[in-house]
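Trainee: What follows is each chain in one-letter form.
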Amino acid sequence: MAKEFKTIKTEIRLPYELAYGATWTRFFEGMENEIIYGTKCSKCGRVLVPARSFCPRCFVDTDEWVETAQEGVLTAWSYVNYKYFGQPIEPPFIGALIRLDGTDVDFLHLIGGFDLSDFDLVRKTVKNGMRVKAAWSNERKGHILDLKYFEPV
Amino acid sequence: MGRPVAIIGVGQTNHGRRMDVCYPDLVREAVVRVYEETGLNPDDIDGVVSGTMPSMMEGVALTHFYFADAMKAGGKPILKTETCGSTGVSIAHTAYYWISSGMADLILAVGHEKMNEGDSQATMTTVAEPFYQRYFIAGAPGVFSMQSQMWSVRYGLEEEKVRDAAAFISVTHHDSAFDNPYAHIKMQVTMEDVKTSRVITYPVRLLDVCPNSDGACAVLFASDKMVKKLGLDKVAWVKGVGYRGEEYYFGDSDKAVWQSAVEAARQAYDMAGIKDPRKELDVAEVYNPFTFQEMMFYECFGFCGLGEAPDLVLKGTFARNGELPCDPSGGTLCTNPIGATGLIRTAEAALQVMGKAGDHQIPGAKTALSHAMGGVDQFNGIMIVGSEL
Ligand SMILES: [Zn+2]
Chain A
1218 MAKEFKTIKT EIRLPYELAY GATWTRFFEG MENEIIYGTK CSKCGRVLVP
1268 ARSFCPRCFV DTDEWVETAQ EGVLTAWSYV NYKYFGQPIE PPFIGALIRL
1318 DGTDVDFLHL IGGFDLSDFD LVRKTVKNGM RVKAAWSNER KGHILDLKYF
1368 EPV
Chain B
1231 MGRPVAIIGV GQTNHGRRMD VCYPDLVREA VVRVYEETGL NPDDIDGVVS
1281 GTMPSMMEGV ALTHFYFADA MKAGGKPILK TETCGSTGVS IAHTAYYWIS
1331 SGMADLILAV GHEKMNEGDS QATMTTVAEP FYQRYFIAGA PGVFSMQSQM
1381 WSVRYGLEEE KVRDAAAFIS VTHHDSAFDN PYAHIKMQVT MEDVKTSRVI
1431 TYPVRLLDVC PNSDGACAVL FASDKMVKKL GLDKVAWVKG VGYRGEEYYF
1481 GDSDKAVWQS AVEAARQAYD MAGIKDPRKE LDVAEVYNPF TFQEMMFYEC
1531 FGFCGLGEAP DLVLKGTFAR NGELPCDPSG GTLCTNPIGA TGLIRTAEAA
1581 LQVMGKAGDH QIPGAKTALS HAMGGVDQFN GIMIVGSEL
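Respectively, the protein sequence lines represent chains A and B. By our numbering, the letter at position 48 of the first sequence is numbered 1265, and the numbering carries on one by one without gaps. By our numbering, the letter at position 84 of the second sequence is numbered 1314, and the numbering carries on one by one without gaps.
Some hints here could point you the wrong way.
Unchecked claim - Interface residues of chain A toward chain B, partial, derived using beta-carbon atoms under 8 angstroms:
id, residue
1, F1222
2, W1241
3, F1276
4, V1297
5, G1312
Just so you know, the hints here were simulated from the structure itself, not pulled from any lab data. If you're wondering where the values come from, they're calculated on a predicted model, not measured in any experiment. Quick reminder that beta carbons are idealized off the backbone N, C-alpha and C, glycines included.
Please take these sequences and the hints and turn them into a complete structure.
Mentor: Put into structure tokens, the structure is as follows:
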């Protein structure tokens, strides 16, 4: 029989105040007003969302702001059915990649607005390529979850 | 190209839930074993490189400081390499670069993790910033499941077939783990068990996922000059290395054909002079925390064409007695102390070409590929080893 050894329970809590800078500040002001902002790269022409201060491929500043469509198509999804410490969203939920109309990258967010309790039902109804549109929270505070999720059109 | 470099010895802990040891003692267990294996001692070493994924997994921020004694690194050059899940292969690369450059002849590489001491998925979400991506990545299973979901739809793969192939991978790797004395999960599972286990992150179910393991791996790398000086004949020569990273935002690049995996493999193949990997490799240790994702790697590494993996898996092409055996150690699926895992892949590849893999030896293996990946679908690293210089 293996001997039981002692353990110590501990935790680390550290306060941070992270700077958004100009681009994220404007992006989150958009969230508060039910607007999804992207920025367009003057060199490769891609519309990037969420808005960036620079294009990660061309490495040039992106100062052309675009109000993106609120609709798009689902390009990938995963039904999350497990818990971890500090998880910001209660499972089950569906993490998803959404290609908003007129943009050139996938936007990582959630899909929802339908019954998630039965996984087999979800698997039958959720399909890549299906059209989804933004659903907004009534109480918005300049946060990524002001956009509740994307729901099937 | 720099000087030739070889792996001359490997030490692994018994991986598992190791609440019988504190973290430094776990690290030392692997280090002591590699010295026992090679007959060398810490005085012989020119430098030490170690790493974890990320350090805060166990709540101590600077592990190469914490483990300086356990690695007997006092008075020596010390480095830390950290690239999320690919940390282990990056540690191997660091040791390789260090010796190949001519700056050292003998380097100790150590990877380690004690996953049971924290909340692994909560820790992993901290690799993303807390204003956007952290909300949605849902630990490692969240992003990697989305990736395999995208892949199966892209190639129009029939859901049932992909599901069966993933279950087949789970069954065969779990079987293989019984032949690896250091593996964590030793459990017989059936196709039915896998397919009816609980959904974690669709399409991934519980038996498609790796465990949380505690473990460490120590590997000694030597220059050709040192190999000669020590009179060693069974070593694993580094034939090729490749590494690629991708952009930060998950949605910015295509994940169904994972370019960092494709390019990392291509770089390593070019260096090793490999043109047809399925024929020229004798064994591969693919980093496979998720069964579905393992099939994508077969395709990205050119083991087969895009969308072909499930059929070949079900034919047994990548099984222990198949054309290109993958993960005869049981792989990451059965043992995952993350900071060590990539280095365990390289260590297992080295053991195979040295003919020292014991009960999971692939007979006559001469060339082996090892791989690790990580980040929010961001990093891929490869090291190819061979029995001949
Ligand atoms: Zn651009």
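Trainee: Confirm or reject each hint.
Mentor: Tested hints:
Checking F1222/A against chain B: minimum C-beta separation of about 6 angstroms stays under 8 angstroms; hint holds. Of the supplied interface hints, the one on W1241/A holds, with its beta-carbon coming within about 7 angstroms of a beta-carbon of chain B, less than 8 angstroms. Evaluation of the F1276/A hint against chain B yields a violated restraint, the C-beta minimum of about 11 angstroms exceeding 8 angstroms. With 8 angstroms as the threshold, the beta carbon of V1297/A comes within range of chain B, its nearest partner Cβ sitting at about 4 angstroms, so the hint holds.
Interface hint status for G1312/A: upheld, as the beta-carbon distance to the closest one in chain B is roughly 5 angstroms, under 8 angstroms.
Violated hints amount to a single one, hint 3; each of the other numbered hints is respected by the structure.
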